[in-house]
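Colleague: Now for the letters of each chain:
Number of protein chains: 2
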Amino acid sequence: MTAAAVTPPIARAELIAVGSELLTPFKTDTNSLFVTARLNELGIVVRRKSIVGDDPEDLRAAVADALTRADLVVLCGGLGPTGDDLTRETVAALLGRPLREDAGLLDSLRTRFAARGWTMPDNNRRQACVPEGAVVIPNPRGSAPGLWIDEGPRVVLLLPGPPRELEPMITDLVGGRLAARVGPERLHRRVLTVAGRGESHVEELVQPIYDRWRRADPAVLTTVLASPGLVELHLSTRAGGADAAGAVLDPAAAELGAALGEHLVSDDGRSLPDVVGGLLQDAGLRVALGESCTGGLAIAGLIDVPGSSRYVEAAVVAYSNDAKRRLLGVDSALLETHGAVSEEVAGAMAEGARRAGRTEVGIGITGVAGPGGGTEDKPVGTVCVAVAGPGGAHEQQTLRLGGDRAMIRRLAARAALDLLRRVLLGARATVRGG
Amino acid sequence: MTAAAVTPPIARAELIAVGSELLTPFKTDTNSLFVTARLNELGIVVRRKSIVGDDPEDLRAAVADALTRADLVVLCGGLGPTGDDLTRETVAALLGRPLREDAGLLDSLRTRFAARGWTMPDNNRRQACVPEGAVVIPNPRGSAPGLWIDEGPRVVLLLPGPPRELEPMITDLVGGRLAARVGPERLHRRVLTVAGRGESHVEELVQPIYDRWRRADPAVLTTVLASPGLVELHLSTRAGGADAAGAVLDPAAAELGAALGEHLVSDDGRSLPDVVGGLLQDAGLRVALGESCTGGLAIAGLIDVPGSSRYVEAAVVAYSNDAKRRLLGVDSALLETHGAVSEEVAGAMAEGARRAGRTEVGIGITGVAGPGGGTEDKPVGTVCVAVAGPGGAHEQQTLRLGGDRAMIRRLAARAALDLLRRVLLGARATVRGG
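Chains as they are written, first to last, in our numbering: chain A, 118 to 551; chain B, 118 to 551.
Which bits of chain B does chain A cover? Going by a derived footprint, with three or more residues having C-beta under 8 Å, they are:
1) 141-147
2) 166-177
3) 412-421
Read the hints as simulated data drawn from the structure, not as lab findings. In this text, a Cβ means the ideal position worked out from N, Cα and C, and glycines have one as well.
Only chain A is shown next, with the shape it has when bound in the complex (with noise of 0.2 Å):
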């Protein structure tokens, strides 16, 4: 076997999304993450991600570039069939590869359109031309099929921008062609879910416990990730295999977790709403919700568990104090005597919920979202949660919570989730401490 036949590895890639749209305040190239997380399945590092324009141009100059320092170049968008998309020919022209059309993707191009009932218009005779040397990715959900060219050592990449069409593609490709090219070793994962704490908490907590794991050898490296109301440590480490992987990434998640307390929410990746449905369902038990300030946004997101009709019975969106007495059997005496936004209002509107749902567990959240609303003992920002049950437990909390109305409802909805959740575990370990 001589030198040259031995294709190096590929290892490091670079992303470039094309579409003039990406360059308006309106829409950011979001394929990039779920073609990340494939490569990086296979232990291959994305580089550097560009973003481009429907401009040959730039197209050509950012292709060229990318190739000076990447072994996989992928492009998506830009394949469709109207004047704008320039990826296919901008590429076989860089590549000096001249188009040719393919009589058999002209054909299925053809009954592809014949199936709906109409003729191929002209435009579209482009998608069957295919640069020389270049080997066809089918694409099941669209006209435009997928490119891909090797380029001495290097590959370059060509799929369509529509993220129904790329995903199933570059899976495809990740569990083949791709995989074939790549030497032994994979990134492997673990993700910890945090609650009731903001980033720059759970980066205190942490710092020195994986800024040691970094260091170890095979390294530990972690990501912390917050967006409103979510903070997520990401472990990753290179490993040839998933025990091998483990043997790494368990302890360190082990003693990260440690450090985090009852904040851990869940070591595998599990959402606080899937993790609160579990443990209702393990315990047998069912929850209605009274919601004011988060007006649904807490059963939306227990609802956005499939199965969550198992334990979720209803909630009750109780707006203005009149719907609280009605709807929820608030005493108009507890509104007057303490205001709406108040433990005693949640705590019954917790329990009024309960006893609507006819449930085990009721939720109660009240608060001045804003931007109006606040006054100097309760500003905006303030909300209070309440957890009625199982058997006679009675949590609440006051919370100041910073950021504009989106936010505050946002992060009262999962204050509230997460402190039925702690309620659900100290109730397990009472029956098991019992």
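Given chain A, work out where chain B should sit, using these hints.
Modeller: Coordinates of chain B only, in the frame set by chain A:
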């Protein structure tokens, strides 16, 4: 005045987002959307975006490349105090400008820490270093100042990564320092919001119209933006002032609006919940909702709009049949005869919500969001929505929605609000007509 004294206006920008977390599958650059919006206001077009990790070599290459093409290069991120934050040092080295510690900056950093009762860690000293000739852009919300560097006729701008720090800084620059560096033309926009039609349907309807406007002089550029359940048409044109822009955009918007007919929700960027809220408020009506498969999403959408307490009374999320009977008074016989997912039950839920909330208008939503629960007659995606009132009005509709559970729920909530919109428009037309 010599030729050298006339600096050409800034017209083309490139954005570079810096941070290894932006090359993972979990996080994408979104700062660029905000920055693009602000730059577009000045008529500055974004030609390319790049995302690089915390690697000085990659970062250096990206900045050097961008400087060969753009008048303005904006870097976001990598100005923090940690060892990973290398933007300041890398750009200074590339441009051959030594870094000098700025005594004033160092003072204000120390004051910042002292105000919190902390001593400034030595790490943070780096944030007081300024490349020779750079202008310091104050950051009122964080410790990393921005840096403006005039590099011949070009400008390199370094901004911190956290959105709450970056956003006020770029807004200030667009109002001042950057505004002084652009020509007299600005980009003006108009946004048409569309309901009840998918992206491809809207494309087909409006393409002949916007093809014509795009060839007009001055040209009106049209972008169709679709996210689940929402289609927007964005029109833009370059003009010296609002009046000149209106003279171009108004007739284009009017022609597109006429083609969209009752599917046009607004021609001023207002969202569907906002428009529905306005119609309710104008007519002095309040609404209550009975939701099943949407599980609170419809009321959550309405309540997103500040001030919605004026017209939103309550919602009952009745997930089980039992809850539909007890909380919304849906007749058992109706549930048995027609099934929970039927126009009859949707209508009864709307009526029940109106009764429970003592409002003039009620909405009912019931459907199969999946993944389980579909039948041959009522496959996953079958959703019935109904509106009861104002007065004796009763409207209901059965939809067959595509997508996964989350998508079906979002589309269903949106369809219900759109049905209410059309009922309210009809009622208004009747009153006015009478």
